[in-house]
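Trainee: Residue numbers (my numbering), protein chains in the order written: chain A, 1 to 271; chain B, 1001 to 1271; chain C, 2001 to 2271.
Because the hints were derived from the structure by calculation, they are not lab data.
Keep in mind it's a predicted model, so treat the numbers as computed, not measured.
Some hints could be false.
To be verified - Here are the computed distance ranges between Cβ atoms for each label pair:
1) B:Lys1125 / C:Pro2159: 55 to 63 angstroms
2) A:Lys206 / B:Lys1129: 45 to 53 angstroms
3) A:Lys206 / B:Glu1182: 44 to 52 angstroms
4) B:Asp1207 / C:Lys2085: 21 to 29 angstroms
5) A:Asn165 / C:Ser2162: 54 to 62 angstroms
6) A:Lys206 / B:Lys1125: 24 to 32 angstroms
Even glycine gets a Cβ: it sits at the ideal position worked out from N, Cα and C.
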Amino acid sequence: MIKQASSRDKKTIVLITDFGERDYFVGLMKGVILNINPDVNIVDLTHSIPSFNIKICDFVLSNCYHYFPKGTIFVVVVDPGVGSKRKILLVKTKNYYFIAPDNGVLTSVLEKEKPFKIFSVENKKYFLKKVSATFHGRDIFSPVAGWLSLGVPCEEFGPSVSSFNKLDIESPKIDNDRVIGEIVYIDKFGNAITNIGINTVKDYIKDKQLKLKLGDNEIPVVLRNSYSEGRKDEIFLIEGSLNYIEIASNKLPLAQKLNAKEGERIEIKWK
Amino acid sequence: MIKQASSRDKKTIVLITDFGERDYFVGLMKGVILNINPDVNIVDLTHSIPSFNIKICDFVLSNCYHYFPKGTIFVVVVDPGVGSKRKILLVKTKNYYFIAPDNGVLTSVLEKEKPFKIFSVENKKYFLKKVSATFHGRDIFSPVAGWLSLGVPCEEFGPSVSSFNKLDIESPKIDNDRVIGEIVYIDKFGNAITNIGINTVKDYIKDKQLKLKLGDNEIPVVLRNSYSEGRKDEIFLIEGSLNYIEIASNKLPLAQKLNAKEGERIEIKWK
Amino acid sequence: MIKQASSRDKKTIVLITDFGERDYFVGLMKGVILNINPDVNIVDLTHSIPSFNIKICDFVLSNCYHYFPKGTIFVVVVDPGVGSKRKILLVKTKNYYFIAPDNGVLTSVLEKEKPFKIFSVENKKYFLKKVSATFHGRDIFSPVAGWLSLGVPCEEFGPSVSSFNKLDIESPKIDNDRVIGEIVYIDKFGNAITNIGINTVKDYIKDKQLKLKLGDNEIPVVLRNSYSEGRKDEIFLIEGSLNYIEIASNKLPLAQKLNAKEGERIEIKWK
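Please build the complete structure, drawing on both the sequences and the hints.
Mentor: Below, the structure is given as structure tokens:
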């Protein structure tokens, strides 16, 4: 049961960046936002996207945004091109707003959120007075999010644009006896989240004998229903919470065991 | 002086987990909560409970909860059994609510918060529509906390239960000339918090010559009144902020010095 | 464009400490604040000031505070003298409040925020009932911030004082052909922020051939306009977001490359 959001509800601004937890960058963004709208919820989705890793940010954002309230404004700052001539996009979809550099980081989210309108953020009236060449998250993204949360219409921030940069994201390849995908994200527990959607392969792998190929290792694996079903020291597959196949090992970080890395190719074979 | 909390005060939901700071798990929990109640304070107590360490979570929670406002809802997700048949508990005490897996993590808190009522969280009406087997923190704990903060009565979430799982927590042993306890938690500064309550031993150790035994080391120590009283490079005892004996060393992480570890046995001897 | 803050706006309390992210210290401070004022914004500026490093805290705070709304209360807990007889200061400037130990941590902020009034926080009525000797952040700083945010006047917390401790902060030295400064802060991306204000040297270094001396290394450098202008593997200078010269290297942490450290002396030569 989800409460019907009302337009008078307090607005939420979500931050997702590669700024890490230890510096003052995120705190400054919050200061700038609260200076404009002191009555908004600011939520950290994560600040630990690996530095400049647009692809991982695209993956995390596109699998998480729909858990947030309608009307939420997402501020996405993984921005290796800061200070260059890359555009800053403001995207309005049916239920959400996204502010992000035009570097492909919204590729997957906009696949899911069609139709949408895109604006190029250019109106300096809504920027900080002094805009640095190194921290647009503070000087442009945050004040724009603040004003947007106060009800300033998207058209105010700049002209609408019809195209934007996209990442070239490879889908997993399904053959007769195997699926080839990659590890997209390794979480704190050492579970390796792949790009293989559970629904694409469930029928193939159900009740089959499975082998996982990862680097030079090829090991037999089972599809478990929960982490706690995994046996001691076993490496197993599981339907992860983002609906992708995860490679897990019970209470022992997988990455240490198999030297798994984000971006690494994997195969799951069945017979 | 503490303000008298009023029932119209904004509610607070506190999160304590072993999810770490770097992933999107905590952000998702906040999104789900705000989707139900956008006008609630969400506070991170800590997300750095060591993975699956129920005992440390029990210690931290039971020594911290009473600093929060009356009516606070604590969401406790240290949950190695997620997806198994373990129950999810909702506990109502005189002043607080706790939502936690039935794995013993509430043992010490419920020692202190008697009397209480326990409910088994089972009413799917208050869960997310799709419940994963790997992330009940997002799919069950968070929405239940959100609805509870809106005033849904505890009885709505499931039947009341009369028993729950408890940890077997060893108390320190006091002899004629020594107390035997253990290190429960090592903080960021390297101070080692023991399970030896200051009040249980203060009369014994006051103005006595003390020795600390830790592993193979036995070193003379003094009970200091503040960190700044400690001498350069000295290892000393102090009454920590949670009212337990702490082993500290001035501006130099103790753990590095003595290789102290959480769970390690210590002795303090006097004569 | 910045909205004109109104006195009815929700108040903001900003925390800056050396407590790190992993312990329960910061969570407890928030609990104590919300217990007094449940309707306040609490923002983490950073909790990763290196342990006891008053100088870095002074630098970060004094370059960040003005991004926050008028009326913001800054709670500064880098406090190696906790439990000793050091004073706790409450400073009121035209637009802000600062609560901090009297150890010099407000030196640079008060250079910029003249005139100001200082009070010594002594009125136990506004402390927690039990004050530990090890965690004044929870027992004194937080409740005082909570009450202040509710409108209790500064005079209530203790007597006004006329002097306070200052750090001896060395300014960069500009000669005919060089400026000598130091690295104050290394950020998550490995950029080294110096204490050399861009405005003090811009005219000297503009369009000049530059050399950077750092330890035993002396390397030719260019002043770039943005990170993305830097060439692959190049080490370059840039005007950082806090308006100081930064030493950066494109997508490769500088500190690893040159073994740069906070506090290290650097020279920039021109001809």
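Trainee: Among the hints numbered above, which are violated by the structure, and what are their numbers in rising order?
Mentor: Violated hint: only 2; rest satisfied.
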